[in-house]
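S.K.: Reminder that position 321 of the sequence shown reads as 321 in the numbering used here, one-by-one numbering, no gaps.
Everything labelled a hint here was simulated from the structure, so no lab data went into it. Backbone N, C-alpha and C define an ideal beta-carbon position, used for all residues, glycine too. One or more hints might be untrue.
To be verified - Keeping only pairs whose Cα atoms sit at most 20 Å apart, straight-line, the calculated EDC-like set for lysine to aspartate or glutamate is:
hint, residue 1, residue 2
1, K87, E250
2, K141, D374
3, K170, D340
4, K170, D51
To be verified - For each label pair, taking beta carbons as the anchor points, the in silico distance ranges come out as:
hint, residue 1, residue 2, range
5, A191, S17, 43 to 53 Å
6, R221, T289, 16 to 26 Å
7, S255, K141, 26 to 36 Å
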Amino acid sequence: MANQPEHISDQIASVYSRYRFVIGAMVLAGHLIVGLNVFAVSPVLPLAIDDYSINRATASLLVALPLLVAAALGLPSGILISRIGPKWAFTTGLAAVAIVSLSGVTPNFITLLLLRSATGLGFAFILTATGPLLMQWFRHKEITLMNALNTAVLSLGIAISVATAAPLAKIMDWQTALAVFALPGVAGLVAWLFLGRESSVTSKPSGGISLREVGSVLRNRTVVLLLAADAGILVQYAAFTGWLPTFYNEDRGISLSQAGLITGILPLVGVFAVLAGGAVALHVASPRTLFAASGLMAGLGGLGAFLFPGPALIYPSVVVLGIGSWLYVPKLLTLPMQMDGITPDSVAVIWGSFLTFSGFAMFISPIVVGSLRDLTGSFIPGLAVCAAASWTLLLAGILLPRNATGPQAETEPSPQD
Numbered sequence: 001m002a003n004q005p006e007h008i009s010d011q012i013a014s015v016y017s018r019y020r021f022v023i024g025a026m027v028l029a030g031h032l033i034v035g036l037n038v039f040a041v042s043p044v045l046p047l048a049i050d051d052y053s054i055n056r057a058t059a060s061l062l063v064a065l066p067l068l069v070a071a072a073l074g075l076p077s078g079i080l081i082s083r084i085g086p087k088w089a090f091t092t093g094l095a096a097v098a099i100v101s102l103s104g105v106t107p108n109f110i111t112l113l114l115l116r117s118a119t120g121l122g123f124a125f126i127l128t129a130t131g132p133l134l135m136q137w138f139r140h141k142e143i144t145l146m147n148a149l150n151t152a153v154l155s156l157g158i159a160i161s162v163a164t165a166a167p168l169a170k171i172m173d174w175q176t177a178l179a180v181f182a183l184p185g186v187a188g189l190v191a192w193l194f195l196g197r198e199s200s201v202t203s204k205p206s207g208g209i210s211l212r213e214v215g216s217v218l219r220n221r222t223v224v225l226l227l228a229a230d231a232g233i234l235v236q237y238a239a240f241t242g243w244l245p246t247f248y249n250e251d252r253g254i255s256l257s258q259a260g261l262i263t264g265i266l267p268l269v270g271v272f273a274v275l276a277g278g279a280v281a282l283h284v285a286s287p288r289t290l291f292a293a294s295g296l297m298a299g300l301g302g303l304g305a306f307l308f309p310g311p312a313l314i315y316p317s318v319v320v321l322g323i324g325s326w327l328y329v330p331k332l333l334t335l336p337m338q339m340d341g342i343t344p345d346s347v348a349v350i351w352g353s354f355l356t357f358s359g360f361a362m363f364i365s366p367i368v369v370g371s372l373r374d375l376t377g378s379f380i381p382g383l384a385v386c387a388a389a390s391w392t393l394l395l396a397g398i399l400l401p402r403n404a405t406g407p408q409a410e411t412e413p414s415p416q417d
């Protein structure tokens, strides 16, 4: 018994070994890869409409179907991870995105649509595996930082693809341009197969989480509010990212390239907003103020992004919208890890639920905008409906319990946690 403290100290040193930086780099790369592909097609939707002779509602499936797949697989993948482990779940996600590199050789719309749906599978498994991996390898404060960095590189990937897809489509087929964004997924898969691993100390065999336990987790008031807040913001974000380039081009007379650059501000600003959100989350225990402020900016910026008539007012509106759409995310992802009685399996379920609820919302919103545009001849009704949904984040900030985080948020976990 005299050697027990030394043994525990050795365990903790092993848990937080330097190899966590390798795992952290690989997880960051996985989020960048997802970001590069999830909205890459949105700036070239007009080209898809012309090439395939389809209407806007059908074209919107290229954006929406991957989100539907992510939604359908979000909660199931969170449950499955407790059985197969986060390492193999992350492998599955990277392999799915790597397959999208075949986009350049697709013969028709249906084939491309099915191939694009693999992005959703990759999104589901990479995101839900991240929570347990971070809990295995990193301390609480490091997890908050990693959540901020993961979201930042995801946002950066979206910004790069949305801003450069249209210019790339001028020098190559637009389908080939989509394949270019998926090539990092091939490199990431190969690297993860050689370097990816789970912590030998904190990863323990799991019998899986029961459906009763899943139900108990999802009935928690804090979890319900977080799901509603995230879904509302992403209804607006998916609709705007998918259709603002076309809206600016058709209704505001802005070129597709410039429209893509304007829309690319959303995720680009998000890179800095999530880093700021991570810094705030490290110093502010309660998420209420952060959520309310972020929700107010997302709501007001969203209205300005489509109601103002010209770039002079559109640009600042999109900046405010981008800040509000990303500032809250690090705290959103970290807060479930700080709740009483939380386990890595529970975190995987909660993160998977984010994907399921928000993913279904994101799937529907671009279709709503495209369908209302076809029916009414205007983008305004659909964009207004989706903008209204974003105010759920402000409401969540007001209604969130003051004791949403447990006492473990202030202390480091032991290897047995």
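S.K.: Run every hint past the structure and note whether it holds.
M.R.: Hints, verified against the model:
1. K87 / E250: Cα-Cα ~45 Å, so violated.
2. K141 / D374: violated (48 Å)
3. K170 / D340: violated (53 Å)
4. K170 / D51: At roughly 14 Å apart (the allowed maximum being 20 Å), D51 and K170 satisfy the hint.
5. A191 / S17: 43 to 53 Å: With a Cβ separation near 19 Å, A191 and S17 fall outside 43 to 53 Å, so the hint is violated.
6. R221 / T289: 16 to 26 Å: Distance hint for R221, T289 holds at roughly 19 Å.
7. S255 / K141: 26 to 36 Å: Roughly 45 Å apart at Cβ, these two residues miss the hinted range, so it is violated.
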